[in-house]
Amino acid sequence: MKTLVLWLDDRVREIEYHALWLLLAAIFVILTATVFFRYVLGAPITWTEEFLTMLFTWMVFIGASSALSTHQHIRIDIVLRLLPPRYALVASIVAVLTCLAVFWVTIHYGLKYARTTWGDLTPMMGVTFGFYTLALPVTSICAALHVIRACVDDGVRTALMSTIEAQAGEGDEA
Amino acid sequence: MIATLLLLLLLLLLVGVPTAYALAASAIAVIWLEGIPLTIAVQRMTAGVQSFPLLAIPLFILAGTLMNASGISERLFALTGALVGHIRGGMAYVNVLTNVFMSGISGSSLADCAATTRVFVPQMIKHGYDKGFSVGLTASAAVLAPIIPPSILLVIYGWQANVSIGDLFVAGIVPGLVIAIALVVTVAVMTRLRGFGRGAAFSAGKLRDAFFDASWALLMPVIIIVGFRMGIFTATEVAAIAAAYAFLVGVFVYRTLKVLELPRVFTSAARDTSSILVIAATAAPFGWILSIGQAPQQLLSFLSGFSDNPMLILLLINIILLVLGTFMETLVLIIILVPILLPLIETLGIDPVHFGIVMIINLVIGQLTPPLGVLMYVTCGISGTSIGQFMRSIKPFLVALIIALLAITYIPALALYPTALLR
Amino acid sequence: ETVLRFGHPNVVGEMSSKLYDEFVARIAERTNGEVTIQVFPGEQLGKETEMVQQLRDGVLDMTAASMAATSTLVPAMEIPSAPFLWQNWLEAEAVISGAAMQPAFDELEEKHNIVPLTKIWYWGWRNFTLSEKPVRTPDDMAGLKIRVPESPVWVEMIRGIGAAPTPIPFSDVYTALQQGTVDGQENPIPTIYARKFYEVQGYIVMSRHMLQNNMILMNKDSMARLDPRHQRIILEEVGAASAKMTLLQQRAEENMLKEIAATTEITIIDDPDRAAFAERSTEAVFTALAERWGEDRIAAVRETIETIRGQ
Ligand code: NA
Ligand code: NA
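Taken in sequence, the protein lines are chains E, B and W. For the first sequence, my numbering gives the first residue as 38, with consecutive numbering after it. For the second sequence, my numbering gives the first residue as 209, with consecutive numbering after it. For the third sequence, my numbering gives the first residue as 1436, with consecutive numbering after it.
Hint data in this document are derived by calculation from the structure and do not stem from the laboratory. Every residue gets a Cβ at the ideal spot worked out from N, C-alpha and C, and that includes glycine. Careful: at least some of the hints might be erroneous.
To be verified - Listed below are the simulated DSS-like cross-link pairs for lysine-lysine, each with C-alpha atoms no more than 30 Å apart in a straight line:
#: 1; chain 1: W; residue 1: Lys1482; chain 2: E; residue 2: Lys149
#: 2; chain 1: W; residue 1: Lys1679; chain 2: W; residue 2: Lys1482
#: 3; chain 1: E; residue 1: Lys149; chain 2: W; residue 2: Lys1655
#: 4; chain 1: B; residue 1: Lys603; chain 2: B; residue 2: Lys334
#: 5; chain 1: B; residue 1: Lys603; chain 2: B; residue 2: Lys339
#: 6; chain 1: W; residue 1: Lys1482; chain 2: W; residue 2: Lys1546
#: 7; chain 1: B; residue 1: Lys339; chain 2: B; residue 2: Lys466
#: 8; chain 1: E; residue 1: Lys149; chain 2: W; residue 2: Lys1546
Stated by the list, open to error - To be clear about the criterion: a stretch of chain W counts as covered by chain B if any three or more of its residues have a C-beta under 8 Å from a C-beta of chain B, and this derived list gives those stretches:
#: 9; segment: 1467-1477
#: 10; segment: 1609-1615
Full structure from sequences and hints, please.
Okay, here's the thing in structure tokens:
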């Protein structure tokens, strides 16, 4: 079971890695081209706003999932220190369960929302709104997998630890 | 409803739920308790990132990364060092000055902050500045972006308050400079007290060499400012043009950028953006509930019963805006609050143009503080600073910003005299 | 006692907003407080199209939206926004609330669970503003960059006229006009006035090229849950407000134009060659969007217009 989770999670990480640079590169190229076509050629492209927000939506949600896997997500660490250390394990379990519950809602209701918006067409490209609305549920599946993997691999206590806190912790001691 | 929401958020932050998911979970719980269909949570999250101006953020991060990787930053800072390195805090003054210039192009504090954090923070650390100081200064200086024109926030305010956007733009200039001066004074005091920020002695020969070495790099700000003023590109597109220029110079002129390394650079810029913007996404259903629960209105009616002294009311409004700016998205707040505040402001005899500037400054300062401080998240995410460290180092700058805010609040001429001159 | 949530995009102070508040108060009064409506103005709950989605999902009970905003659900709702389609408002009012548009409203009800409380909420005719060039004919506009919303009706219309359709996000329009990124834009007078576009423009061309009509919409189930007596009161009050809106908004438009002319050095061109613009753009748009809107539905609307004009 553990090996399956690790194997699956590694594949998802690879896909996310490549999806992220491809999406940002596409956004970069299209936005630059928008300026070129409008100013240099005097023939503005008329579908970029819609297409770019679509790519961007996917980029943000994939990136958010990917940031969980690399522990680059943001936590407010100063409040964490308010909690007495003996509650640390309970707190970690509650935190992990809360995240998984959020992902369950965004997957379940996200798919429901994708179904109701599937017939709606975007004005310019005339494609389904599902291209926007699927981003959240699909990436939530990946994010849930990353959190489960972190629990399986390193234990619940450090599953949601962020690298920023680790670095800052070292800095504080020095 | 509002109390449950806020208590839940605090509790979840306390047990260590990442900020984005703490906001999401508390919003979801309240939506469920209120019996509202849960698809609204999903719709608001998706809508929260479907905003075109947000695109500037990953591209400015990318531009900053490419400037660093290509050697453009290195050369610009070598020139800066030769120019002002002998002055204590020279690099920090340049940071403020750069933000003043960027504010003249961009209206988004977030986008500006993304670029300057990427470029300035590593260089300042390298030149012997304290990390907390560098991060605090960079985040605070980004406050200027929506105050010095152009500014989307002022455009929205002008629409809501029915005052001239042209007047608002002119009124923003001097208060912007007042804030810049407040930051400069803070830098002067802190570098002296803490004893950092001085480089090698001044040398004309070194300066000349550095100047020629940086000529391609120097062209970058020129192209950006001229291109924007001539209407070649919009504020959002500036970010892409900056990245494109850094890319071309890095690949073809300096030949320092390796094409094979680019995927890693792009992925890391995308991931940095997302770890911040997912908070914007999950803050959207949270803000939606605050709207449905009429939280801003409740706070204000609580306030208006307090006093009828205009000065005191203005102070109370300042405090409330700072608090609300902490929990809600700036744009949404302007749309909700302006119609409620405006009649009050007008009966007190306060000019709505002046009030617009005060209100925007308030709301942007609110972006610097937890739990919902987008500027704080941008700087921390990009520079790898913990929120705790950030909170410790932002204090002197917050004091400076609040002193500037009070000056701008109680000396209306700072905002209004220039508009009167131009009439 | 029923509490309804009404989210709308208009800001406090706008004519629409005042009239919404008025009918909300009248409904509460006439139902003895048994139906109260909570109003959430100014896009605070979401953008126009997002609120229409919230209405469909039953998150909101009521919303106000332009016909174009519902076209993501029912494309044919956009037909009345075709350029230079109408000669006057009475004609538009008759066709929109008549049999020709009924199939589109049926689709909105059957597929998306949304019913109109009123199909008519006059917002205004869209007009061009330009930075530097006085425009009277389509040829005057050749090659100019005109800001448009990213939507095919606008893109095809501007292309037909011979200018360059240039999408700029709405929040950036003021600055884009100021810096000269685009040479002009088009919007109804109330929008040009409220968003201050006239501050950075030299000319307003009264082309009245496109009609913007809004609607007050309600979730079908929320409507069905109400007592029939209350349903009737709501329909009556919203209908009365709609009639009032037409009158007041047209008067307000005149006053706004007067105020714009008095406060800035802007030239108002009142006699553009509408026929020449129509010739270039109306057919172009109908051809390009025939498939999206449905040929039969376009034909029904155009035939009704002919019939009305023949009478
Ligand atoms: Na600015
Ligand atoms: Na804050």
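Hint by hint, here is what the structure shows:
no. : hint                    : result
1   : Lys1482(W) - Lys149(E)  : 21 Å, holds
2   : Lys1679(W) - Lys1482(W) : 25 Å, holds
3   : Lys149(E) - Lys1655(W)  : 20 Å, holds
4   : Lys603(B) - Lys334(B)   : 23 Å, holds
5   : Lys603(B) - Lys339(B)   : 14 Å, holds
6   : Lys1482(W) - Lys1546(W) : 21 Å, holds
7   : Lys339(B) - Lys466(B)   : 29 Å, holds
8   : Lys149(E) - Lys1546(W)  : 16 Å, holds
9   : 1467-1477               : holds (count 3)
10  : 1609-1615               : holds (count 6)
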